[in-house]
Amino acid sequence: MAKGRHWVALWLVAFLVTTWLVYARQTAAIRAARELADLRARRANLDGHRADLERRIRAAESRAVLVPRAQARLGLHLPSDSEIVLVPAPSGSR
Amino acid sequence: MARPAVRIQVVQFGVLVGLALLVGRAAQVQILHGRRWAEEAQAQRTERIVLQARRGALYDRHGTPLAVTQETYHVGIAPNELRDPAADGALISRRLGLTVRTWQQALRRRYAYFAGPYSALEVQPLRSVRGVHLESVLNRFYPDPAVARATIGRLGDEGLGASGLERTLDSLLAGRSGAAVVLKDRAGREYESPARVIAPPVPGLDVVLTLDAELQEIAQRALDDALRRMDADGGDVVMLDPGTGEVLALASRQRDGSARPSAFTDTFEPGSLAKIFAAAALLSLRRVSPTDHVSGEGGKWRVLGRTITDEDPQPSLTLADAIRVSSNIAIAKFAARLTPLEQYATLRDFGFGAFTGIEFPAEATGRLRPPSEWTRPSAASLAMGYELSVTPIQVAMAYGALANDGLLLQPTLIREIRGAGGGVRYRHRPEPVRRVVSRDVAVALRNLLRGVVERGTGIEAALTNFPVAAKTGTARRVVNGRYAAGEYTASFAALFPADQPQLVLVVKIDNPHKGSYFAAQTAAPVTRSMLEQALAARTVALDRARLSTAAPRAAAAPADDEGGLVPYVVPWPYQPDSAGVGPRRAVPDVAGLGMREAVRTLHRRGFRVALRGWGVAEHTWPAAGDSAAAGSMVTLFADPHAADRVGSRGAAPPRRGPRR
Chain A
1 MAKGRHWVAL WLVAFLVTTW LVYARQTAAI RAARELADLR ARRANLDGHR ADLERRIRAA
61 ESRAVLVPRA QARLGLHLPS DSEIVLVPAP SGSR
Chain B
1001 MARPAVRIQV VQFGVLVGLA LLVGRAAQVQ ILHGRRWAEE AQAQRTERIV LQARRGALYD
1061 RHGTPLAVTQ ETYHVGIAPN ELRDPAADGA LISRRLGLTV RTWQQALRRR YAYFAGPYSA
1121 LEVQPLRSVR GVHLESVLNR FYPDPAVARA TIGRLGDEGL GASGLERTLD SLLAGRSGAA
1181 VVLKDRAGRE YESPARVIAP PVPGLDVVLT LDAELQEIAQ RALDDALRRM DADGGDVVML
1241 DPGTGEVLAL ASRQRDGSAR PSAFTDTFEP GSLAKIFAAA ALLSLRRVSP TDHVSGEGGK
1301 WRVLGRTITD EDPQPSLTLA DAIRVSSNIA IAKFAARLTP LEQYATLRDF GFGAFTGIEF
1361 PAEATGRLRP PSEWTRPSAA SLAMGYELSV TPIQVAMAYG ALANDGLLLQ PTLIREIRGA
1421 GGGVRYRHRP EPVRRVVSRD VAVALRNLLR GVVERGTGIE AALTNFPVAA KTGTARRVVN
1481 GRYAAGEYTA SFAALFPADQ PQLVLVVKID NPHKGSYFAA QTAAPVTRSM LEQALAARTV
1541 ALDRARLSTA APRAAAAPAD DEGGLVPYVV PWPYQPDSAG VGPRRAVPDV AGLGMREAVR
1601 TLHRRGFRVA LRGWGVAEHT WPAAGDSAAA GSMVTLFADP HAADRVGSRG AAPPRRGPRR
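First to last, the sequence lines map onto chains A and B.
First residue of the first sequence: 1, per the numbering used here; consecutive thereafter.
First residue of the second sequence: 1001, per the numbering used here; consecutive thereafter.
Hints listed in this document are in silico derivations from the structure and should not be mistaken for laboratory results.
Positions of the beta carbon are idealized from the N, C-alpha and C atoms, including for glycine.
Careful, some of the hints might be misleading.
Partial list, computed: chain A residues near chain B (C-beta under 10 Å) [to be verified]: (1) 16; (2) 41; (3) 43; (4) 45; (5) 47; (6) 67; (7) 81; (8) 82.
Looking from chain B toward chain A, a few residues come up when the C-beta cut is under 7 Å (computed) [unchecked claim]: (9) 1104; (10) 1120; (11) 1124; (12) 1447; (13) 1532; (14) 1547.
Derived list of chain A stretches under chain B, where covered just means 3 residues or more per stretch with a C-beta under 8 Å from a C-beta of chain B [said to hold, decoys possible]: (15) 48-58; (16) 74-80.
Use the sequences and the hints to build the structure in full.
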């Protein structure tokens, strides 16, 4: 009779351990999924931030913005070709 | 009252029947209908979702992104889940740009949905708000929407390419969607568990275009300024590399501000731009010598019942004079030495009346009628550029053939196609269509065009230090099949520099209202302005090493020397024989080096360098290990924190394009 109770207890422990393992695994998976989602969100946010900065840099670098400012603030002008001197590279420079 | 034994038997029988029914029903559910119920349960618990593939990016020739794919969001709000409707509502309204009224309406609904799409930056503060549900979607993003808009095109509602290169390249850019299975609860909400991926999405290929973003901006701004100044109906600018057929810039603009791709689709009569092609036939077939003169007829000549006039009457003209001052009378007289078939074949050989074959979804062929459909004045009209309609891209390619020593190439907008990992899948090589004229005739024709800029109608396009070869064209406009009174198309085609040209420019101004309508005063100055800006720009695809050396001026080849159309075998794959492209060599790995050292390393390998960013060299475009022509431009991307990522100097950097 006592032997039978031991078996019942053993099965009960085995059941509890298995259940706990399933629960722990599920919990870890859900936590990992959350972290993954958070990381994806962060990456998307950073991508968006970078794209926004690139767009603003492109706009700031564009001739439509730079040329009038260079003319107004620095007194520069677009050079005519006679003001452009292309210096030939010395033959041994490469 | 039955005996207890009987009652027990009745109960036992009842239990047995019940059990039998239960087992039977279980067998029916599990065995007979098991599959159907299993599928239904599966459908209730799981959902198959489509994983969007990232659409490939489009870059300019230096790696500047022109079209990229970015994650954006649709936003769903469940008002009953909000913890603090007032505070959350204020935040949500601010981030999504909602009016008070819209938000109040949303609160009255069970579930409010805002399609947006909203950027990651806009929705970032909403991620932690309970009751806000974000649905990510990939969206196309154009960093500078104004650049080459008509050429690049746009996506339609379905996310497929609807116009321009987005449409032509759709099968390459789109990639292949994947699929995954997610778990749902009984209310249909997704569980927070990772999706089971059935088929991963395959991202689309990245395409490097031949366009040069800086040249494109120069062309667009110059065209916009010109149209505004001249109060014109519209215009086009085409710039291309004659040695490769690569289109460097394409700008089109109409009076209403729209930018449909008229450089491909709209035809016009080229007028005097076509005179050089009559000259090409005359020189190739040796129907004229440099000393041949024709009378200028005092500027007015009546022939075949029609009066031909010259703006700048000359007493006597050679072929060179006819091109230089753009004499209608002289070119009509010279062209009379050609048979209709010869004249037609030459124009056809230069690509008129046929598709150029460029990778664009819409292209007009223009009109070039066969001699059987000509009338008596057709030969003279065609020599003067009438009875012929062309597109700006056709004109650019035909002049490109003159620049390319007589070899007509197929134009292209695609320079490279790269896989998601950065590996090159396709690289453009010049594709010859046919030899149109011999090299000597091409040199002679370029000299004729040079005379136009030095002493003729194109003098407004002349540069002080660099020789330019060009031709003006002013033609009456055809409106609804008739020549419209007082309406003209001013056009200008230029080769820069005149010797070993690196750039072909075609400028077309439709119906200028203010000031002169002649191309000499309208399109020619626009060309000079663009050339000056291109020379002053840092990254424009000009080979300054070749420009800086005093290029020997091409000797004026006698017109009757070795002319004639002869069979010519083109080596395949084609390598231009004008020494335009240096030997190819591997791009060195400079990742992790300081800027100065990286630039020196690239210079030592014979490359020119365009810088993007500052700090430590991160990667190059073309990537380290790729081969590129000596003297070509390598874009060096730098980042102050690149050293941390690149790690030790010995580690090979990943093959990839510029930062997106």
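Worksheet item: Against which earlier hints does the structure fall short, listed by number upward?
Response: 1, 9, 12
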